[in-house]
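K.L.:
One-letter residues, chain by chain:
There are 4 protein chains.
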Amino acid sequence: MRLTHEQQAEIDSQRQAAAPTRRATVPALEDMLYGALPVLDHGFVRVIDYMGDDAAVVQAARVSYGRGTRRVSEDAGLIRYLMRHRHSTPFEMCEIKYHVKLPIFVARQWIRHRMANVNEYSARYSILDREFYLPAPEHLAAQSSSNRQGRGAVLEGEEAAAVLDMLRHDATLTYDHYAHMLNEGADGEPADPGRRGLARELARMNLTLNTYTQWYWKADLHNLLGFLSLRADSHAQFEIRAYADAMLDTVRAWVPQTFQAFLDYRMGAATLSAQMLAVVRRLLAGDPVDQPGSGLSKREWAELMDTLGRA
Amino acid sequence: MRLTHEQQAEIDSQRQAAAPTRRATVPALEDMLYGALPVLDHGFVRVIDYMGDDAAVVQAARVSYGRGTRRVSEDAGLIRYLMRHRHSTPFEMCEIKYHVKLPIFVARQWIRHRMANVNEYSARYSILDREFYLPAPEHLAAQSSSNRQGRGAVLEGEEAAAVLDMLRHDATLTYDHYAHMLNEGADGEPADPGRRGLARELARMNLTLNTYTQWYWKADLHNLLGFLSLRADSHAQFEIRAYADAMLDTVRAWVPQTFQAFLDYRMGAATLSAQMLAVVRRLLAGDPVDQPGSGLSKREWAELMDTLGRA
Amino acid sequence: MRLTHEQQAEIDSQRQAAAPTRRATVPALEDMLYGALPVLDHGFVRVIDYMGDDAAVVQAARVSYGRGTRRVSEDAGLIRYLMRHRHSTPFEMCEIKYHVKLPIFVARQWIRHRMANVNEYSARYSILDREFYLPAPEHLAAQSSSNRQGRGAVLEGEEAAAVLDMLRHDATLTYDHYAHMLNEGADGEPADPGRRGLARELARMNLTLNTYTQWYWKADLHNLLGFLSLRADSHAQFEIRAYADAMLDTVRAWVPQTFQAFLDYRMGAATLSAQMLAVVRRLLAGDPVDQPGSGLSKREWAELMDTLGRA
Amino acid sequence: MRLTHEQQAEIDSQRQAAAPTRRATVPALEDMLYGALPVLDHGFVRVIDYMGDDAAVVQAARVSYGRGTRRVSEDAGLIRYLMRHRHSTPFEMCEIKYHVKLPIFVARQWIRHRMANVNEYSARYSILDREFYLPAPEHLAAQSSSNRQGRGAVLEGEEAAAVLDMLRHDATLTYDHYAHMLNEGADGEPADPGRRGLARELARMNLTLNTYTQWYWKADLHNLLGFLSLRADSHAQFEIRAYADAMLDTVRAWVPQTFQAFLDYRMGAATLSAQMLAVVRRLLAGDPVDQPGSGLSKREWAELMDTLGRA
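Residue numbers (my numbering), protein chains in the order written: chain A, 1 to 311; chain B, 1 to 311; chain C, 1 to 311; chain D, 1 to 311.
Just so you know, these hints were derived from the structure itself, not from any lab.
Same chains, same names: a pair is fine if it fits in one copy or spans any two.
Straight-line distance between alpha carbons at most 25 angstroms, and here's what the computed SDA-like set of lysine to any residue pairs gives:
#, residue 1, residue 2
1, LYS298, ARG80
2, LYS298, GLY268
3, LYS298, HIS85
4, LYS298, LEU78
5, LYS298, THR271
6, LYS298, VAL72
7, LYS298, ARG310
8, LYS298, HIS235
9, LYS298, GLU74
10, LYS298, ALA236
11, LYS298, ALA285
12, LYS298, ASP75
13, LYS298, ASP264
14, LYS298, PRO288
15, LYS298, ASP287
Being a predicted model, the structure only gives us computed values, none of them experimental.
Given only the sequences and the hints, what does the whole structure look like? Please build it.
P.N.:
Encoded structure:
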């Protein structure tokens, strides 16, 4: 269950309240505020708060006194210029805060992005819910034979069923034992008065890495885009990409001009090495170049051909 | 002149606009929004935007789904607990953005606080205004004889007048030469068509360190409090303390519970070393202790006596 | 097994090599270099590299041209002054790098210290070893009844045995299933040629949080001391404290003057709030104060009495 | 004067001392250690200490137990792979510390790189030397007419002489007044016993931005390369580029494999936007594309043609 009735009621209650503010406000993001965007089988991403908008990027770049009276097209042009030349500090002037529910193994990748603020649910202090991630059939992939950190073909039939059974069984069993060792009833009293419960900070070590945790996570727009450029990338593990994709939707609603510049100059862009550039110049000059004569490794050659649409 | 008519008009215009938001809103800070709090002779601090409030600290500490239904006193108690035990991450969940006009030598101290976002007016790109800081008579102090980085008695009479004349003369002269080297008229054309202007990025090197610059500066509440604990301290240089004092007023309006906890557990608190604690214990036990027998240096002894109100 | 023969041979080989350097060198830390300090049942901390020494702190604080000719006592005095007044930047001029083997649930606490550099063994790319943490009998504690994130009395007899059996059983079982799902033989070929192995990045989710991982971790001395002040503290969870304690030994060998100042002004020091200071002043004045009349909460009163040795 | 005899003697003395170490050591960088690389008219860059080498990058990427027994070519290949795919964390495992003497206006650009450690000479505490930067004739450039933050043609003849006179005159005058206001003799006594000296923290505000300051600056290899990619770039202001160029020489000596990868994949590389890539594909397909039909702005089109060697 993604959200309990009580949680949904709290969210609904927050969504109904409104107050006037003099701050920059983005109606499209206000519409999404507090609502849970579903991710994976039990997870979500919720926008909890935000600061700034596209105009705030421009305002900071110009260190201006007001919101400015320039035309929208001028602002968009400046944002594109900033993105293209990696002038990152104006994008740091916007900030967003999410509430995220995610499996622990995803949280372990995510937390490597250090330029962010995090408050995670404490399993030292509280008891984790009985929820764990099980891949949907289409995401249950074999090990890639060519890429040591990638996936190959999807498992099917009995192979898939056996894996899913194993994951479900082990997560269920270890959680049951976790609960048994804790020995806490719903009323806070021992479930079994005849024995003592293990300390929460110890019992949690019995949980598997697909157990769900949750956190508040806050970052500025520059660091958020850095996160998304890595985690919404096709090389990212599917499970974290699912979160990044949901967050991309929130960025599109929040700062549409910055979002488009990000697509054009980051997500859809390619960096060519000095050697790759030399190859492109030779190709444009009509010079027939092949991999052995290119100075590129086979892998780099393949990447370049892919980038140039010649794969 | 702190603000031109045009700048004040832009500010007034922003203050009149309002929009509904679902976000946490703080009326007392909304009242201050965009307005310039005067600092020093030409400087100011303006709150440009903010995210979160006292309840957002609590919400993050609890990783809760809504704003919560606890009583205000419970929230205040949790905030005090977090502050006392230096659980800093929940305070990182609030963010504030300022527009600041300040002398360059103050900016050089300020920028040492790295966990913040900054966009400064670029003197490579634009021309700085003819404004420089001159200390008010009561702040024109002699070098301290006891503290190498402190101030002693205030200069008076001719001594003070001579210093002020020198500061004013040199700032004016170097600015005039700066403008002369730039050779730019109000219309963007050369002021003197008979010669070329020096590059802005070079001409600026002729300015003195009391020239005013300005920037957008954004930080989370935890790092802001760290800044204030150092810069609103009595050991900070007066000129940066003047900014910190103005910012303290904005924090009081923004997050009153956090502000009170900050006063009690940080600004008004004292850290006693292991040796100092041993002295206090002996004193409480009625054991007469003097500096030579205390194990403390003279300076530490004096600090301890001061802390204990026995100076 | 903490280290294989092959790993120990690699370490021994590195310990035997030496080269001349003009850099600051600390013989006491050189003695420890590369050697594994055992922690918990299978973990370790190894110092891999370091930069600077006590004199480097002094050199940076003075921005001096050479190593200086001051007496050792002057340097120690300056270091103590810097520590006492929280002048942290000179301590950032020393750096240390560790190789650490640790359970995942400890790694999850550790990684929250963001001002550090980390490279963790990738379970997306490689296969984790069959090693997991099982608490020693004296650390198998019940949940504290007074502190929600603390431990109470040690479990004994059948209670302890049941918990240990469960932890061991579940870690073994989930690892066996992990290996089964991977289906990789020692030669890189499928262990069972009749089926495909699950992608490593997926299979790992079946592991429990007491599985050992390892990483390279590097920090400057200031941030290391921040880590140690929190993690070598009595409120830290025992398992991470065990690592912090081993690291304290390395700091003592590396920068003995800084280490002593750290003990005196941080680890052995106490911060008294404004209200606590008022109580101490009243006590010193002979004024009988009790908790209700102190303005302190019961918990704060107890903490103060403990600090003052009156518990 | 770049270095006094006393300073040079301290440096020579440090260069003559050597000690054995088990740490990774780089003879080519040891040769440079402590020596001052001259920059601008009075500045310098000195390598003070370093940690790690190319092999340390590889070691961290592999989380290995020893220095490894792989061939050099394999290590170089891994380093190139890491650089190409922006796997930045292994490069954070190397660290370098510099002592730099630089004009204040350069320091103000430099300090914007926040992921570094800095101790600057304190003009609050000490007295700055009478040294200021004056551009060499070939660097005294007019304002660019096309680029608001760039330089145009070099000033010559009387124009140049007038500017240099002005810069020299003003720096000299303001320094003389600074010294006068301080009123400190070489013996620490008042130069003029008949009046009091102004506090150092105030007097410094009279200095111009070309006054030299100095600092210890330390960064990890990843952040150093980020600094160099921006500051050794042709768009950087000449004066900071002069420092970056000297530092590039130290990186080449220190980590030659990383340095080459950095040249190939960062300094010599180009990032093409989604629209630019589309143009390149059309060109390669023999499709005649011009700027109006390209979807690129004139400026982006010019950049692309320049990148493709068709300018």
